[in-house]
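Asks: Residue-level listing of the chains:
2 protein chains.
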Amino acid sequence: MSTRVLAADLPRHVGRPVKLAGWVHRRRELKSVTFVVVRDRSGLAQVVLTEPVALPEETVVEVHATVTANAQAPGGVELTEAVVTALSSPAKPPPFDLYRPTVPASLPTILDHAPVALRHPRLRAPFAVAAASVAGFRRALDGLGFVETHTPKIVGTATESGANVFGIDYFGRPAYLAQSPQFFKQALVGVFERVCEVGPVFRAEPHDTSRHLAQYTSLDAELGFIADHCDVMAVLREAIAGMVSGVASHAAAELSLLGAVLPDVPAEIPEIHFSDVTDKDDLSPADERELSRWASSEHGSDFLFVTGYPMAKRPFYTHPDPARPEYSNSFDLLFRGVELVTGGQRLHRHEDYLAALAARGENPAAYEDYLAVFAHGMPPHGGFAIGLERWTARLLDVANVRQVTLFPRDLHRLNP
Amino acid sequence: MSTRVLAADLPRHVGRPVKLAGWVHRRRELKSVTFVVVRDRSGLAQVVLTEPVALPEETVVEVHATVTANAQAPGGVELTEAVVTALSSPAKPPPFDLYRPTVPASLPTILDHAPVALRHPRLRAPFAVAAASVAGFRRALDGLGFVETHTPKIVGTATESGANVFGIDYFGRPAYLAQSPQFFKQALVGVFERVCEVGPVFRAEPHDTSRHLAQYTSLDAELGFIADHCDVMAVLREAIAGMVSGVASHAAAELSLLGAVLPDVPAEIPEIHFSDVTDKDDLSPADERELSRWASSEHGSDFLFVTGYPMAKRPFYTHPDPARPEYSNSFDLLFRGVELVTGGQRLHRHEDYLAALAARGENPAAYEDYLAVFAHGMPPHGGFAIGLERWTARLLDVANVRQVTLFPRDLHRLNP
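Here the protein sequences come in this chain order: R and E. Going by our numbering, the first sequence opens with residue 14, and the numbers climb by one from there. Going by our numbering, the second sequence opens with residue 14, and the numbers climb by one from there.
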């Protein structure tokens, strides 16, 4: 049996017989000739038949044929003298035409029928971009000595915030889905110094918006032996550059299909201190958009670090700015108008944790496991978390994060 | 401020001043000299002081000193003329001595104090091996055109098996933690043809054994356009070879510390058909050990494929052997006496799914989302799942899977 040739590789086989396999993407019957466009994971190929075929779109086919040069055909080749065999027939048609250049369907229709809708090249492309981004993230951090970890998603206490956690029945006991790997990645700085994790995080978000999901993919990193948050920002810059470079090398075709343009990542991402931005205690989405426009016009950068958020707006484990303790050694990274990353230096001394909890009127007993980490000598450390779906959405200029999430979960959606 | 030098890099700095940072691993005071061994992520370094220092083990220190050759010292160098500064002091000692070559603690003690216990080089090492294995898995599959995905861990129906699922309160509705990405990876074969995922899976295992966990890390792959399960086994062979090669290149020191030996992965892993092994309807753990011994003595292989498990023992989506329909186009991969991987060809025709559910007396309405995948033309496909912790445990000859799991979750354990 001959080996399968992918559509994208056909031009290397001109004049030779090949076996192609894929889906009937489109069928067009003219008077004396039938064109069948076959879709496989590499792209499209045109098959020319002299007889009509009764194969509806999305039939899975195997094609034995000869590769013939034809400047008019996609990729400069078409398949002639073809014998087409159906491997599997659809029981019903797709909810919309998968072959049209634009997507003739609403987001709910797409999401309700995701397993077939995502076959549309434009709907599939964001996930190739996401995969390339994650690969680039890992490559960058691997080069910097980070160890990748896999930590529990079921936790006994809802440390980060009491609200918005999903409860589980854990063998008759209450437990929760982890909102982040924060506790574990900090603990593992004591073991590996530099750790990263790519994994699901869970938020019982009661908001029904275009950017809130019940589960998303968090790209986490944490590192020890830093001077302050600037060392964390330097690693984050490398991670983002790795993601951009991953997309450039592994998903250029998808990027181009979607008409998206990769950002330049400046060697030094511009930064501005929170106190130079506003007298308020937080930034609104409108503030973030305005700051991004400023970074673009002033520095020619799609990225901007906002540093020094007020301590009152950051979690209890945030390290204060030693010179101005009302501000923190933390940052957000804005990307094309939205907050993409949050990070900063964390407290590392046991006594500082006790003081921080006391200052917020929290009971240290509720943080027993967390505090135990810092009882044993922890170095100055910090980290960050990048939301993968938010990154992909912004990179591709997609309005709703659900368009770049495989089978999104939200307030209303639990299927498919 | 000078740049930090890692312990492993000191030999390249003989005669020069350096900054080292890490933890006080061990302190030994002799009459006229004090030795402080400092541990960082790269290894150990000996610091020689002429005055005693009051720094208990696990103090985080920064050391400014000169690198001096000393054939007796670990790595052939030691640090002299040293100034040691504490960055952070432990509030209490570790539960056991971290500097002893063997681990003087029981498993429950280790797990109760994991954040500090894992600093012991022998307890830390398995996780470097696991990380290197995962990197090798991804590299192998990336080279074969697989796209890495991130799919939902919260599902609306407990498709795979009604038992052993964790229930969640999902905005007031019942939902479940996914026992595997089976549904999603099959659906995505229709989109990408070849997909893989590294992520958590959840089993509400009521068994209190050395190999059952409530969460583990599953290395999943699924591919379309196969002839049968043999094509899946060929990809699995490449994945395993990639994992072995990843450990060889990225965790050789840890492997050697633990006295473990990497297996050879035969170009063709030997295989045996279920019907040639037993007349029973399943294999016991003792059977698996005996078969592994046979593969080792007969074929010199640490790996053995057992193919053709009876259909009655496989999930409803399993593809039968066309020649002998009571047997399946499925396999287990045994590794050094245990089942490491399960996989096989799946059904791909809509009508075959309907027939398979009917034959098992199942209601197709309960599988609505799953069946929808196959209504739209799916190619012959199959896949496999490797349990990361089981792989690491067997590779390192560790008796209990909890020793190679970061913060394990089981019937009794939900913290730390």
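A couple of the hints might just be wrong.
You can't tell identical chains apart in this list, so a pair holds if it fits in one copy or across any two.
No more than 25 Å apart at the CA atoms, straight line, and that leaves these computed lysine to aspartate or glutamate pairs for DMTMM-like [said to hold, decoys possible]:
| hint | residue 1 | residue 2 |
| --- | --- | --- |
| 1 | 32 | 241 |
| 2 | 105 | 365 |
| 3 | 326 | 311 |
Everything labelled a hint here was simulated from the structure, so no lab data went into it.
Asks: Would you pick out the hints that fail for this structure and give their numbers low to high?
Replies: 3
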